[in-house]
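For the record, the sequence lines run as chains A and H.
So in the working numbering, spot 171 of the first sequence is number 171, and the numbers just go up one at a time.
So in the working numbering, spot 110 of the second sequence is number 110, and the numbers just go up one at a time.
In case anyone wonders, no lab produced these hints; they're calculated from the structure.
Since the model is a prediction, treat every value here as computed from it, not as a measurement.
Note that the Cβ used here is the ideal one computed from N, Cα and C, for glycine as well.
Take these hints with a grain of salt, some might be off.
[Said to hold, decoys possible] Listed next, the in silico DMTMM-like pairs over lysine to aspartate or glutamate satisfying Cα-Cα at most 25 angstroms (straight line):
| no. | chain 1 | residue 1 | chain 2 | residue 2 |
| --- | --- | --- | --- | --- |
| 1 | H | K4 | A | D20 |
| 2 | A | K70 | H | D159 |
| 3 | A | K70 | H | E77 |
| 4 | H | K166 | A | D195 |
| 5 | H | K78 | H | E29 |
| 6 | H | K94 | H | D159 |
| 7 | A | K70 | H | E66 |
| 8 | H | K104 | H | D126 |
| 9 | H | K74 | A | D132 |
| 10 | A | K70 | H | E114 |
| 11 | H | K78 | A | D132 |
[As the list claims (entries may be wrong)] Covered stretches of chain A (chain H as the covering partner; in silico rule of three or more C-beta atoms under 8 angstroms from a C-beta of chain H):
| no. | stretch |
| --- | --- |
| 12 | 145-151 |
| 13 | 388-396 |
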Amino acid sequence: MQKSLNKALPELLDAGVIDDETVARIEEYYHSNSKDTSSYSILVFSVLGAIIVGLGLVLIIAHNWDAFPKNIRLLFTFLPLLASQIFVWIAIKKHRYRRPIIESSSLLLFFAIPACISLVSQIYHINGQLEDFLLLWLLLSWPLIFVPGANIVSLLFVIISTWYACQITYFTFRGPVPWLYWALILIPIAKYARDIYKDNFKRYRAISGWIIAISLTLVLGGFSAQFKSIMTPAYLLFFGLILILHSAFITSQDNSWWMNPWRSNGKIGVAIVALILSFGFFWQELPHYNSLTTNLLNSTDSISFITLLLMLIVGIWYLKRYKHEKFLNIFPELPAVIVLVLIYGAGFFMPMAGQLLSNLALLAMGVFYIFFGYQRFDLSRANYGMVLITSLAIARFFDAELSFVLRGSMFVLVGLGFFMANFFIIKKQKAKG
Amino acid sequence: MKTKVSLIFLFLAFLAQWLVPGRMVWIHEQTIRLGESVKFKTASVDPFDLFRGKYVELGYRNMTIETTPQENWKPGEKVFVLLEKDAQGYAKAKGLSRKRPEGKLYFQTILRSESTFKGRSNIDVDIPFSRYYADEFDAPLIEKTTLNFSDTLIYAWADVRLYQGKAVLNQLYIGELTASDWVKKHNNEEP
Numbered sequence: 001m002q003k004s005l006n007k008a009l010p011e012l013l014d015a016g017v018i019d020d021e022t023v024a025r026i027e028e029y030y031h032s033n034s035k036d037t038s039s040y041s042i043l044v045f046s047v048l049g050a051i052i053v054g055l056g057l058v059l060i061i062a063h064n065w066d067a068f069p070k071n072i073r074l075l076f077t078f079l080p081l082l083a084s085q086i087f088v089w090i091a092i093k094k095h096r097y098r099r100p101i102i103e104s105s106s107l108l109l110f111f112a113i114p115a116c117i118s119l120v121s122q123i124y125h126i127n128g129q130l131e132d133f134l135l136l137w138l139l140l141s142w143p144l145i146f147v148p149g150a151n152i153v154s155l156l157f158v159i160i161s162t163w164y165a166c167q168i169t170y171f172t173f174r175g176p177v178p179w180l181y182w183a184l185i186l187i188p189i190a191k192y193a194r195d196i197y198k199d200n201f202k203r204y205r206a207i208s209g210w211i212i213a214i215s216l217t218l219v220l221g222g223f224s225a226q227f228k229s230i231m232t233p234a235y236l237l238f239f240g241l242i243l244i245l246h247s248a249f250i251t252s253q254d255n256s257w258w259m260n261p262w263r264s265n266g267k268i269g270v271a272i273v274a275l276i277l278s279f280g281f282f283w284q285e286l287p288h289y290n291s292l293t294t295n296l297l298n299s300t301d302s303i304s305f306i307t308l309l310l311m312l313i314v315g316i317w318y319l320k321r322y323k324h325e326k327f328l329n330i331f332p333e334l335p336a337v338i339v340l341v342l343i344y345g346a347g348f349f350m351p352m353a354g355q356l357l358s359n360l361a362l363l364a365m366g367v368f369y370i371f372f373g374y375q376r377f378d379l380s381r382a383n384y385g386m387v388l389i390t391s392l393a394i395a396r397f398f399d400a401e402l403s404f405v406l407r408g409s410m411f412v413l414v415g416l417g418f419f420m421a422n423f424f425i426i427k428k429q430k431a432k433g
Numbered sequence: 001m002k003t004k005v006s007l008i009f010l011f012l013a014f015l016a017q018w019l020v021p022g023r024m025v026w027i028h029e030q031t032i033r034l035g036e037s038v039k040f041k042t043a044s045v046d047p048f049d050l051f052r053g054k055y056v057e058l059g060y061r062n063m064t065i066e067t068t069p070q071e072n073w074k075p076g077e078k079v080f081v082l083l084e085k086d087a088q089g090y091a092k093a094k095g096l097s098r099k100r101p102e103g104k105l106y107f108q109t110i111l112r113s114e115s116t117f118k119g120r121s122n123i124d125v126d127i128p129f130s131r132y133y134a135d136e137f138d139a140p141l142i143e144k145t146t147l148n149f150s151d152t153l154i155y156a157w158a159d160v161r162l163y164q165g166k167a168v169l170n171q172l173y174i175g176e177l178t179a180s181d182w183v184k185k186h187n188n189e190e191p
């Protein structure tokens, strides 16, 4: 079937019977439904082989080979670039339906580009900052994400973009804000959005989603300049926003946490921030601003907060208006986000109240999940609720001034709650049939 | 039709991937061929660049510029460093300019820091020819040598080519020999 498919698809494409997207979907369908895992193994080993070759190129650079005259060194500098480009060209012209060749050729070129630049820099003893080098690498390699459409290059592009942003903002003393990161990250996000729309490359989509979500989470903190305390509610808004985006635009038949990265990131993110807010030390160390200054309003922290708030409002409106049936998917996190942001604001003036209300909010989330899981016979949701409450209990174990007997009793109660919740849900599931 | 558009797009991407490093080669080759050869006395340390390998970080003597605070130089500002040659023919910084100067003895860079002492401003600039990439086994020896010899009769010095504000490190010398030749000679002489 594979052989006849490889012959038939180009003929049908040339005759105009089917288009490129249909070809990609047919190919993806047969690959994902095939019981023969050899094609997937070939892809994995091809990619691994390309990575190892790429690393080998980097090692050659690091060795500083100055045994050759400059002209020969220049020849060897550009040779891998030329060879990789030829490989990609042939892959597109002759093997565009063979994913391993497309991926491995693109990956080789993705590594040949920085190798070439590095070697030229080495030959001519050129100074330069790491972030400038990373930016140049990204700017020269982004077309590979769309033509030939290499998934592994898209993943690496996100990783290198994250590195670039972190290099600027975290690893440089008083580094600038990485505004250019947003333009860069939109490129793989555009591919990701297109893959969702056309339902392509399911396997890669989950990994892409995770990597993009983690990248955004890491880099968002870099937009904090002078008023770091505003980034905590900004992060809450960010996690709420990605939950809304998941509910609005992503339909997945697989409900597992791994295959739904945006939903998982959103939920876990809100829970983690809520847990941090439940600690007393957080409220004690919160700086208090006596008045709204121009500096505060002009800072990147405020810009980030206001932008995310506006996006969240638009997202809630869109979901309510056009995807009403999915509106319930954002509970209880979205109400928790709104409540926690309000608690945060109140906590500036009443830190003790802020801490107490944060604890109650997290407790309420846990109880909601347990109750929701019980109602829907959903053990995973109920257990997640128990995990939230257990995390709260463990956190309070470390900072609450309670006797050991009381703390021990709390744990016993939580543990019993785990068993009982699971017991009743399983019992209810069996009764239902 | 869509395939043709994709191929044109890919071709343009390939072109850019050649043009960028190609332009780097062209500019540096032009500077080396057409530039004024200027000697700079050095001092150094020995770090490592993940992507480009082992290099010797070269410091240079007489590259701190003294000006008046009224000129109001700011860190991060693009400047032109004006050079002159001392009695031994080595270059030293003589001033700064915000505009491209006449003549050949200057290079463009970024102002790194400014400090005021006894009514005078001392300016340090980024030196665009401060890295010398060497073999990973030679670099530590070169670094040690250039550091040790900086105050003796045998000077380590850099041959830098200056052309239209661009400065390219052409070669590092220890005495009369290139750094790599000096290392080879030193290794051959070692018991």
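A quick look at each hint next to the structure:
1. H/K4 x A/D20: 12 angstroms, holds
2. A/K70 x H/D159: Between A/K70 and H/D159 the Cα gap is close to 17 angstroms, so the pair holds against 25 angstroms.
3. A/K70 x H/E77: 34 angstroms, violated
4. H/K166 x A/D195: 46 angstroms, violated
5. H/K78 x H/E29: 23 angstroms, holds
6. H/K94 x H/D159: OK: H/K94 and H/D159 at ~19 angstroms, within 25 angstroms.
7. A/K70 x H/E66: 39 angstroms, violated
8. H/K104 x H/D126: It holds: about 19 angstroms lies between the C-alpha atoms, which stays within 25 angstroms.
9. H/K74 x A/D132: Answer holds: H/K74 to A/D132 is near 22 angstroms, not above 25 angstroms.
10. A/K70 x H/E114: 38 angstroms, violated
11. H/K78 x A/D132: Since the Cα atoms of H/K78 and A/D132 sit roughly 17 angstroms apart, the hinted pair holds (cutoff 25 angstroms).
12. 145-151: holds (count 3)
13. 388-396: violated (count 0)
Checked against the numbered hints given earlier, the structure breaks hints 3, 4, 7, 10 and 13 and satisfies all the rest.
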